[in-house]
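Whenever a hint applies, use it, and build me the whole structure from the sequences.
Number of protein chains: 4
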Amino acid sequence: MIKVGIVGGTGYTGVELLRLLAAHPQVQLTAITSRKEDGLPVADMFPSLRGHVSLAFSAPEKADLNACDVVFFATPHGVAMAQARELLATGVKVIDLAADFRLRDTAVFEQWYGMPHSCPDILGEAVYGLPEVNRDAIRKARVIGLPGCYPTSMQLGFAPLLAQGKPLVNELGLIADCKSGVSGAGRKAEIGSLLAEASDNFKAYGVKGHRHLPETVQGLEAISGRKAGLTFVPHLVPMIRGIHSTLYAQLLPEARSTDFQALYENHFRNERFVDVMPAGSHPETRSVRASNMMRIAVHRPGGGDLLVVLVVEDNLVKGAAGQGVQCMNIMFGLDETTGLMQVPVLP
Amino acid sequence: MIKVGIVGGTGYTGVELLRLLAAHPQVQLTAITSRKEDGLPVADMFPSLRGHVSLAFSAPEKADLNACDVVFFATPHGVAMAQARELLATGVKVIDLAADFRLRDTAVFEQWYGMPHSCPDILGEAVYGLPEVNRDAIRKARVIGLPGCYPTSMQLGFAPLLAQGKPLVNELGLIADCKSGVSGAGRKAEIGSLLAEASDNFKAYGVKGHRHLPETVQGLEAISGRKAGLTFVPHLVPMIRGIHSTLYAQLLPEARSTDFQALYENHFRNERFVDVMPAGSHPETRSVRASNMMRIAVHRPGGGDLLVVLVVEDNLVKGAAGQGVQCMNIMFGLDETTGLMQVPVLP
Amino acid sequence: MIKVGIVGGTGYTGVELLRLLAAHPQVQLTAITSRKEDGLPVADMFPSLRGHVSLAFSAPEKADLNACDVVFFATPHGVAMAQARELLATGVKVIDLAADFRLRDTAVFEQWYGMPHSCPDILGEAVYGLPEVNRDAIRKARVIGLPGCYPTSMQLGFAPLLAQGKPLVNELGLIADCKSGVSGAGRKAEIGSLLAEASDNFKAYGVKGHRHLPETVQGLEAISGRKAGLTFVPHLVPMIRGIHSTLYAQLLPEARSTDFQALYENHFRNERFVDVMPAGSHPETRSVRASNMMRIAVHRPGGGDLLVVLVVEDNLVKGAAGQGVQCMNIMFGLDETTGLMQVPVLP
Amino acid sequence: MIKVGIVGGTGYTGVELLRLLAAHPQVQLTAITSRKEDGLPVADMFPSLRGHVSLAFSAPEKADLNACDVVFFATPHGVAMAQARELLATGVKVIDLAADFRLRDTAVFEQWYGMPHSCPDILGEAVYGLPEVNRDAIRKARVIGLPGCYPTSMQLGFAPLLAQGKPLVNELGLIADCKSGVSGAGRKAEIGSLLAEASDNFKAYGVKGHRHLPETVQGLEAISGRKAGLTFVPHLVPMIRGIHSTLYAQLLPEARSTDFQALYENHFRNERFVDVMPAGSHPETRSVRASNMMRIAVHRPGGGDLLVVLVVEDNLVKGAAGQGVQCMNIMFGLDETTGLMQVPVLP
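These protein sequence lines are chains S, R, V and L, in that order. My numbering applies: residue 1 is where the first sequence begins, and numbers increase by one. My numbering applies: residue 1 is where the second sequence begins, and numbers increase by one. My numbering applies: residue 1 is where the third sequence begins, and numbers increase by one. My numbering applies: residue 1 is where the fourth sequence begins, and numbers increase by one.
These are computed hints drawn from the structure, not numbers from a lab. Check before you lean on any hint, since a few could be wrong.
The list treats identical chains as interchangeable, and a pair is accepted whether it falls inside one copy or across any two copies.
[What the hints assert, rightly or not] The calculated EDC-like cross-link candidates involving lysine to aspartate or glutamate, where the alpha carbons are at most 20 Å apart (straight line), are:
(1) K208 - D259
(2) K208 - D44
(3) K208 - D305
(4) K62 - E132
(5) K36 - E190
(6) K208 - E125
(7) K3 - D69
(8) K188 - D44
(9) K3 - E61
(10) K140 - D38
(11) K140 - D64
(12) K3 - E336
Okay, structure coming up:
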């Protein structure tokens with residue numbers, strides 16, 4: 001059994017981790033910390049966990065995280081990098097669901113997250129936790145920086161196009177028009193996320209610039225080995241879970257005869273959590289609700305030169321907690337799907 | 001033109017007042033205060049008002065509220081009673097959308113609202129702003145305590161039963177099972193009101209006791225002149241606006257032959273904002289969305305001894321801002337429907 | 001492995017059965033019928049099942065249902081009773097999610113469902129599939145009539161009160177104010193269930209009389225062995241899944257000193273799927289979303305004589321498919337929780 | 001008073017027309033037809049209209065549409081063209097909310113709508129009812145083909161870019177990623193529009209090709225006088241009303257120094273129903289809910305060469321019924337805003 005600790009389990013990625021780990025056959029939930037909720041049984045905050053999780057939150061200094069095999073950080077940005085060194089020193093692996101170990105360039109991190117990076121050396125060894133791209137490195141990693149929810153969908157959606165030896169599309173003019181349910185904003189008391197504000201409503205936000213832009217560009221360039229240019233426009237959907245990314249790429253003349261359906265199917269042939277749907281499909285976010293699955297469909301409207309790729313994922317699962325568990329499975333030599341084969345909940 | 005001021009216009013009842021008053025043909029919006037938003041054009045906070053409201057918020061001390069004919073308080077409990085005396089002294093009428101002037105008994109007020117009442121003398125002259133019950137008193141009032149959203153629906157729903165010379169139902173065993181959209185919780189940053197918490201979900205709350213209980217009992221007793229007993233169970237509906245109250249009353253043996261459909265129709269025959277629907281109807285909250293209308297249907301399932309009354313209103317209109325404007329119309333001698341004849345928005 | 005067939009798998013209870021059975025460790029999905037969708041892979045209709053269910057729908061005459069150990073009917077009323085005899089004759093057990101085997105009295109069935117009952121003899125041996133009441137009979141049953149979604153919540157919510165040797169409450173004056181998500185109306189193309197009609201809206205329906213009334217009264221009387229009288233008012237909530245029943249019962253004078261919290265906890269002490277929450281709780285439907293759990297809270301507002309019981313369940317799981325699997329587990333001697341321990345999905 | 005008839009008032013654009021026309025000070029609602037609902041008071045079908053509309057539906061042959069000054073067709077495609085000739089012959093003007101008079105080229109009409117066009121001569125004189133583009137022609141028109149909901153947002157959103165003497169953007173590579181509430185699908189009993197299907201879900205549809213594509217391209221080319229190329233990807237949002245179009249246009253090198261904020265503000269300076277928001281804004285659909293307003297924001301992320309234009313409208317008002325009333329006002333010499341100054345409903 002893998003002994004697992006969670007730092008900061010009071011948010012949506014935290015409770016989702018608990019949902020998945022509570023049912024994971026190889027995991028023993030060992031500690032979950034929250035200074036504010038010290039002593040409160042987790043199931044008192046989240047009654048959905050009654051009968052499944054008997055742990056109580058404990059203040060960080062009381063929790064024996066060093067006794068864990070792995071610790072997940074479901075915390076605001078900045079927390080994991082403050083605690084990682086000590087955990088690593090005692091042999092505990094670290095999986096951060098926040099942004100501390102995502103961006104390779106600390107200057108870029110500081111620009112977008114407004115804080116200096118406190119441990120560039122650990123960042124140096126950290127692995128970006130996108131198994132479909134980095135599986136081998138994950139296997140050997142001690143520190144994982146899990147991708148953001150949007151970046152997961154954008155990178156995997158563009159990956160088959162960019163992973164070829166030569167460019168198929170204008171890689172400097174990529175567009176990602178992304179739509180997310182409001183759980184992506186976290187379990188924070190903010191007016192803009194109230195049901196009375198966000199329900200029966202639709203809007204874009206952060207068009208000027210969003211933290212997931214530099215992360216995604218970094219990832220796309222890692223895939224292609226070439227420079228990438230991306231316009232990323234996020235939108236807020238009046239739903240709880242789910243991301244739908246609509247990706248646009250301009251075909252290069254030499255790629256016009258490519259069979260993109262086949263390209264995508266081949267690229268993901270061995271992936272258990274990426275489902276390339278039949279040509280002509282329109283994946284729905286609910287088709288992956290509460291599961292670690294991603295579904296992708298490739299379109300070329302009117303047979304023209306603009307490729308349209310539709311990607312759906314559950315932002316809390318494949319976009320966060322589920323991907324974290326997937327990485328953990330890889331790191332500990334388990335079958336990658338262990339504890340992650342939930343059938344999506346529909347309707 | 002009636003010069004109107006609003007104290008505290010940043011919440012849902014505030015913006016709803018602005019929506020109604022901006023289109024009211026006899027109203028000149030004169031001042032709107034918010035210490036926190038001093039200087040901010042109202043339409044910057046609520047873009048829906050762009051082109052309709054050119055006022056900016058001003059700090060209370062800058063706003064010349066004394067130049068108004070009437071001031072609405074769309075504020076937390078306690079604010080109106082702190083400012084009413086000065087306004088009244090300069091001849092300004094006061095309409096409070098909060099609870100300061102609802103409860104006749106200051107001890108009850110203090111018990112439920114946790115603060116002492118600072119002006120019992122003004123409370124003494126204040127009129128409970130439920131036009132269908134108190135129209136004559138409202139006409140002469142200087143101070144109005146507007147009913148709560150739930151109490152409006154419960155009182156008008158039970159009124160025809162209680163307004164008779166002798167009891168028709170067990171007036172000590174009334175039940176109100178009420179359901180409200182989340183805007184009833186106000187424009188406050190609270191986790192329980194987040195879309196990701198309240199959407200696709202249903203729950204009761206406050207079963208132990210809710211502030212609208214004593215207010216409603218007081219109102220029911222004022223209608224009947226007899227003692228009333230009420231169990232009130234509020235629930236939260238994943239929708240923005242609307243209250244649906246399902247009322248239960250046990251018929252007394254001597255009332256079994258009463259034609260309750262006729263009783264209700266007669267009682268509200270001259271009311272412009274209460275619509276008794278045909279027998280067998282199931283009123284929907286959306287049938288009154290964004291309007292000052294209330295719709296009521298009377299049922300007697302299986303021809304038995306339990307009367308079931310269904311009441312719908314828009315909690316922000318007939319349950320708050322609209323009822324305030326209705327009172328204002330009465331107080332200033334206008335036709336009661338002036339500025340209040342919006343057709344409900346459906347779908 | 002239990003070989004399972006499903007007749008009529010294109011509705012919401014059908015796809016929910018598939019979700020549960022696909023992950024059930026002791027089940028082999030053997031056949032699923034739909035005349036209209038003959039040949040269509042189930043996962044083409046419900047992409048959430050891609051990778052989990054490889055079966056295709058087949059026309060009834062092609063499906064070898066007789067080779068199954070048990071057949072679920074997720075069909076309109078009337079279908080199961082037409083096919084049960086043949087299946088039983090070949091040793092196949094039958095679990096009907098519709099109403100064919102719920103009502104003991106065929107006259108009542110015909111009155112409420114508008115069709116004669118075609119096999120009173122089979123009805124005679126059928127067992128009402130409410131394990132918390134009928135576990136022993138279910139164990140030996142060949143034919144199960146599964147309770148309706150509302151009746152499950154009402155019966156279990158009232159059960160501890162009625163199961164005592166003498167009445168604790170006025171059993172002739174029970175009230176159930178119930179609220180259901182729209183999946184309860186089934187996957188049928190009806191205008192009233194459109195998102196543009198049912199969203200941001202709330203209403204009662206069927207106040208005059210609802211099919212679940214006689215079923216529930218029959219069940220309550222079976223529990224108490226005494227006559228029961230119930231007023232049942234169903235409402236439609238703008239959410240997908242979930243039932244919240246708010247139950248009212250008038251205490252008898254001799255029961256005033258009863259500890260109802262203890263009564264409920266004792267009654268359900270050994271039940272794995274009924275969770276009596278701590279005193280003062282307000283269960284939310286989302287706390288059981290996508291799980292077979294029911295949660296109950298008992299209130300006595302103001303310490304008065306009216307008991308208020310709050311019950312939540314997922315109408316498609318404990319209210320339908322999950323309860324069916326629970327019965328199947330009992331009938332085949334499995335642990336009752338096999339394949340049913342999903343952690344509820346929150347948020 | 002303008003005598004107005006409506007053919008086919010049982011859908012969402014029909015009831016929205018009724019909402020607007022019932023409150024229009026210069027309109028007398030004269031007839032509303034529905035063969036199926038002959039004799040049914042309109043307010044029985046739509047209780048929101050109780051007290052506002054006293055008309056009953058009448059079968060087409062009974063309705064004296066010839067006595068009207070103008071007849072709106074809120075019908076399926078094909079109905080208006082079958083009845084227009086007779087109405088025009090008696091001097092009645094025609095405003096069609098469907099597609100019969102949108103496409104100039106009958107071959108294109110037949111290709112996308114699957115029926116021959118029955119009156120090319122009337123089509124020849126019909127005017128495309130987009131006042132911000134065609135105001136003068138609308139003033140003199142006898143027949144109006146109202147734009148579709150998506151095309152209204154796309155054309156007005158791109159208009160300032162295309163209306164210049166020389167191209168500013170790559171007009172052959174325009175992209176419109178559009179999102180619509182489900183009322184856009186009409187009041188039709190279809191499974192895909194059920195709340196249990198469309199709620200808490202997001203998806204694209206019609207990526208292969210959508211009827212609003214040729215209409216929009218025709219309109220864009222009419223604005224620019226040049227060839228246009230457009231990729232249009234519609235998506236379904238779990239909300240009732242509202243369209244959000246996110247438009248992408250690649251700047252030409254010679255346009256890099258253009259002040260696009262000023263360009264948009266100037267272009268729409270005199271328009272009462274198009275609001276160009278301040279730079280950096282993110283318009284929300286709810287900011288125009290139930291109103292005829294459109295709001296637009298112009299972005300240039302990262303100061304790069306891709307222009308992003310955000311457009312919101314209420315699909316049932318500016319995208320349908322409201323635009324129809326706006327055209328009527330122009331045709332009959334009224335102030336264009338008569339009866340259309342409703343303040344948007346927020347929250």
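Now the hints, each set against the structure:
Within a single copy, K208 and D259 get their C-alpha atoms only as close as 35 Å, which misses the 20 Å cut-off; across copies the closest is 16 Å, which meets it. Taking the shortest Cα distances, K208 and D44 sit within 20 Å of each other only across copies (19 Å), while inside one copy they are farther apart (40 Å). For the homomeric pair K208 and D305, the shortest alpha-carbon distance between copies (13 Å) is at most 20 Å, but the shortest distance inside one copy (27 Å) is not. For the identical chains of this complex, K62 and E132 are neighbours neither inside a copy (37 Å) nor across copies (42 Å), given an alpha-carbon limit of 20 Å.
In this assembly of identical chains, the alpha carbons of K36 and E190 lie at most 20 Å apart whether taken from the same copy (19 Å) or from different copies (17 Å). For the identical chains of this complex, K208 and E125 are neighbours neither inside a copy (32 Å) nor across copies (45 Å), given an alpha-carbon limit of 20 Å. For a Cα distance limit of 20 Å, the shortest separation of K3 from D69 inside one copy, 5 Å, qualifies, whereas the shortest one across copies, 41 Å, does not. Proximity of K188 to D44 under the C-alpha cut-off of 20 Å is restricted to the intra-copy arrangement: shortest distance 18 Å within a copy versus 24 Å between copies.
With identical chains, the CA atoms of K3 and E61 are at most 20 Å apart within one copy only, with a shortest distance of 18 Å there and 53 Å across copies. For a Cα distance limit of 20 Å, the shortest separation of K140 from D38 qualifies neither inside one copy, at 34 Å, nor across copies, at 49 Å. Proximity of K140 and D64 under a CA criterion of 20 Å is satisfied in neither setting, with 24 Å inside one chain copy and 50 Å between copies. For a Cα distance limit of 20 Å, the shortest separation of K3 from E336 inside one copy, 17 Å, qualifies, whereas the shortest one across copies, 29 Å, does not.
The structure is inconsistent with the numbered hints 4, 6, 10, 11, although it conforms to all the rest.
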